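> Given next are the chains, with one letter for each unit.
2 protein chains.
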Amino acid sequence: MPELRRDPIVGRWVIISTERAGRPRDFLEDTHARQPVADICPFCPGQERLTPREVLAYRPQESPPNSPGWTVRVVPNKFPALQVEGDMGREGIGLYDRMNGIGAHEVIIETPDHKAALADVPPKHVEDILWAYRDRMVDLKRDLRFRFILIFKNHGAAAGATLEHSHSQLIALPVVPTSVLDEIEGCRNHFQQKERCIYCDIIRQELTDRVRIVADNSEFIVMTPFAPRFAFEMWILPKRHAAYFEESQKTQFELLARILAEALKRMDKVLSRPAYNFILHTSPFHEKTGDYYHWHVELIPKLTQVAGFEWGTGFYINPVTPEEAAKFLREAEI
Amino acid sequence: MPELRRDPIVGRWVIISTERAGRPRDFLEDTHARQPVADICPFCPGQERLTPREVLAYRPQESPPNSPGWTVRVVPNKFPALQVEGDMGREGIGLYDRMNGIGAHEVIIETPDHKAALADVPPKHVEDILWAYRDRMVDLKRDLRFRFILIFKNHGAAAGATLEHSHSQLIALPVVPTSVLDEIEGCRNHFQQKERCIYCDIIRQELTDRVRIVADNSEFIVMTPFAPRFAFEMWILPKRHAAYFEESQKTQFELLARILAEALKRMDKVLSRPAYNFILHTSPFHEKTGDYYHWHVELIPKLTQVAGFEWGTGFYINPVTPEEAAKFLREAEI
Chain A
23 MPELRRDPIV GRWVIISTER AGRPRDFLED THARQPVADI CPFCPGQERL
73 TPREVLAYRP QESPPNSPGW TVRVVPNKFP ALQVEGDMGR EGIGLYDRMN
123 GIGAHEVIIE TPDHKAALAD VPPKHVEDIL WAYRDRMVDL KRDLRFRFIL
173 IFKNHGAAAG ATLEHSHSQL IALPVVPTSV LDEIEGCRNH FQQKERCIYC
223 DIIRQELTDR VRIVADNSEF IVMTPFAPRF AFEMWILPKR HAAYFEESQK
273 TQFELLARIL AEALKRMDKV LSRPAYNFIL HTSPFHEKTG DYYHWHVELI
323 PKLTQVAGFE WGTGFYINPV TPEEAAKFLR EAEI
Chain B
23 MPELRRDPIV GRWVIISTER AGRPRDFLED THARQPVADI CPFCPGQERL
73 TPREVLAYRP QESPPNSPGW TVRVVPNKFP ALQVEGDMGR EGIGLYDRMN
123 GIGAHEVIIE TPDHKAALAD VPPKHVEDIL WAYRDRMVDL KRDLRFRFIL
173 IFKNHGAAAG ATLEHSHSQL IALPVVPTSV LDEIEGCRNH FQQKERCIYC
223 DIIRQELTDR VRIVADNSEF IVMTPFAPRF AFEMWILPKR HAAYFEESQK
273 TQFELLARIL AEALKRMDKV LSRPAYNFIL HTSPFHEKTG DYYHWHVELI
323 PKLTQVAGFE WGTGFYINPV TPEEAAKFLR EAEI
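Residue numbers (our numbering), protein chains in the order written: chain A, 23 to 356; chain B, 23 to 356.
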């Protein structure tokens, strides 16, 4: 059973998931390195038996579950970091806090096409992927043990992807990660002072300055943040205030799909198809953050190693100004 | 001039240091990758002219500055992330805060021997390296612009080292990094409730349980933390309460040198000489943290890629329990 443990000083929860671990020798190799190219990709149509049974699939021709014919397919992760069954088992051990590693860990297979990267997928199809995120969130929200859902994508081996076939991941957690709590706290402080959402204030300032805007449409902006941790880091934000991704309107998903596809294409053009991560930051389920939190997507090309300085301090050195990065991205011909 | 910028939501400062940056193409290559092996190592004796002029060197035979004969040598970083000269230039830009990238960035060349790793250096020599850290801290503390000094080591290309010759780095900052502030806040909260240092409480509990102790002597313990972010992560802590590394007693440096050397040897034995980072966490200069903060060293072998999940959340998945890791490390024959 995986375990969740809390650092008593900073309150950070970590997952201790030893299912795949053995002798120390196992850690000498990069466990995130790309697996050897097998003959058979478990995410390809026709190989559905190689994954756990699907929890969601869009099947325009109404083909049976766990068979080909899907456009987007969601399955439990075959090697989950957390386990769905069981009770929370919260307990204190002296100074320390632990609980059972309860949670869901799912894989969103974004396309039946083994060769297509997300940037190659038509915006209409990207929209379906966003709907799959939303449908799974709405479903998992009903499980009252879960407090937060993290949706993220690792693209490319350097970003931690172990399988080539384009996919994203979902993790439902019984705790709220520290970094999300930090954002929420920053938002709450700003709201208490000014009765405004800080992200809304940022969007207004950015739309006036325009030096960090990469793209925008009627509902979304793509911008490089003022204090980016990483070169060419981008944020995608809804222009209208909204705390919960899963409550977006249908037209918003259409426009998000288009602008996400555009952001990926611009990034690929400027940086020659880099490895990247994206992470959806949205409200926890049970906290009342509606007035002051603002959901968004963080898109981070993986260009450099993060070294000791960054680990030690959460203090980052970025060799590119966000104004330069935005200019390159904005002016790229796509 | 490098720049310090503050994220308006979470308060994190980042360094925007564009000195070496150019076109986006420059970021396609891993800028932290090991440089091609040149004929001449700038950190070797006889090559002192290849570095900026030394700010400190231990020369048992009293040889002249910037010539051979040193055992430990400290020089400004040739490609500093921050700049020593100039004023702070703090200003607000709408919602945002920035200041000039004022700070010191130095390299501690740990040994004249190009081939020796820190783990190979005799404890007596490690002690001199610790004295060099301390002497530079005491000197830089006099500059009232600086609020925090970070000392860290990247060993091996996977951990971000760009030069093979064993060295550590020092960065003096005009701000306190968020992650240090988070630790200090956690310590302060515990102290307010219990009038005890939380690290002292942890040490007491660990010395009773002994399941996470790797090694100890009369002044220090090496332990794996209860909620480690990384496999085989270790902390080295003084057993007696102390907030400021630079105020350690001479005998403490002797014992720290010995236990650091032992920790590195155990790690090298169990993990076959991995790349690693260590980071010294000590008090900021002007904050009164003496009662409740406890300086320590974090030692992190670099075994796996950090993927999107970790970036997005500050929430880590660790495949090894700290109890198992401590057992392997403790029982290694060195």
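Please note that the accuracy of each hint is not assured.
One copy or any two copies: either way a pair holds, since identical chains are not told apart in the list.
In silico DSBU-like pairs for lysine-lysine, Cα to Cα no more than 35 Å straight-line [claimed, not checked]:
id: 1; residue 1: K163; residue 2: K349
id: 2; residue 1: K349; residue 2: K100
id: 3; residue 1: K216; residue 2: K137
id: 4; residue 1: K310; residue 2: K291
id: 5; residue 1: K100; residue 2: K291
id: 6; residue 1: K100; residue 2: K261
id: 7; residue 1: K291; residue 2: K216
id: 8; residue 1: K163; residue 2: K261
id: 9; residue 1: K349; residue 2: K291
id: 10; residue 1: K100; residue 2: K216
id: 11; residue 1: K216; residue 2: K310
id: 12; residue 1: K272; residue 2: K349
These are calculated hints, taken from the structure and not from any lab test. All values derive from a computational prediction rather than experimental measurement.
> Against each hint, give a clear statement of whether it holds in the structure.
Do the hints match the structure? See the list:
In this assembly of identical chains, the alpha carbons of K163 and K349 never lie at most 35 Å apart, being 40 Å within a copy and 40 Å across copies at closest. Proximity of K349 to K100 under the C-alpha cut-off of 35 Å is restricted to the inter-copy arrangement: shortest distance 29 Å between copies versus 42 Å within a copy. In the homo-oligomer, the alpha carbons of K216 and K137 never lie at most 35 Å apart, since the shortest distance is 49 Å inside one protomer and 59 Å across protomers. In this homomeric assembly, K310 and K291 never come within 35 Å of each other (Cα to Cα): the closest approach is 40 Å inside a single copy and 50 Å across copies.
Taking the shortest Cα distances, K100 and K291 sit within 35 Å of each other both inside one copy (34 Å) and across copies (33 Å). For the homomeric pair K100 and K261, neither the shortest alpha-carbon distance inside one copy (37 Å) nor that between copies (44 Å) is at most 35 Å. For a Cα distance limit of 35 Å, the shortest separation of K291 from K216 qualifies neither inside one copy, at 40 Å, nor across copies, at 56 Å. Proximity of K163 and K261 under a CA criterion of 35 Å is satisfied intra-copy only: 25 Å inside one chain copy versus 45 Å between copies.
With identical chains, the CA atoms of K349 and K291 are at most 35 Å apart within one copy only, with a shortest distance of 13 Å there and 49 Å across copies. Taking the shortest alpha-carbon separations for K100 and K216, neither the intra-copy value of 47 Å nor the inter-copy value of 45 Å comes in at or below 35 Å. For the identical chains of this complex, K216 and K310 are neighbours both inside a copy (18 Å) and across copies (31 Å), given an alpha-carbon limit of 35 Å. For a Cα distance limit of 35 Å, the shortest separation of K272 from K349 inside one copy, 31 Å, qualifies, whereas the shortest one across copies, 54 Å, does not.
Consistency note: the structure conflicts with the earlier hints numbered 1, 3, 4, 6, 7 and 10.
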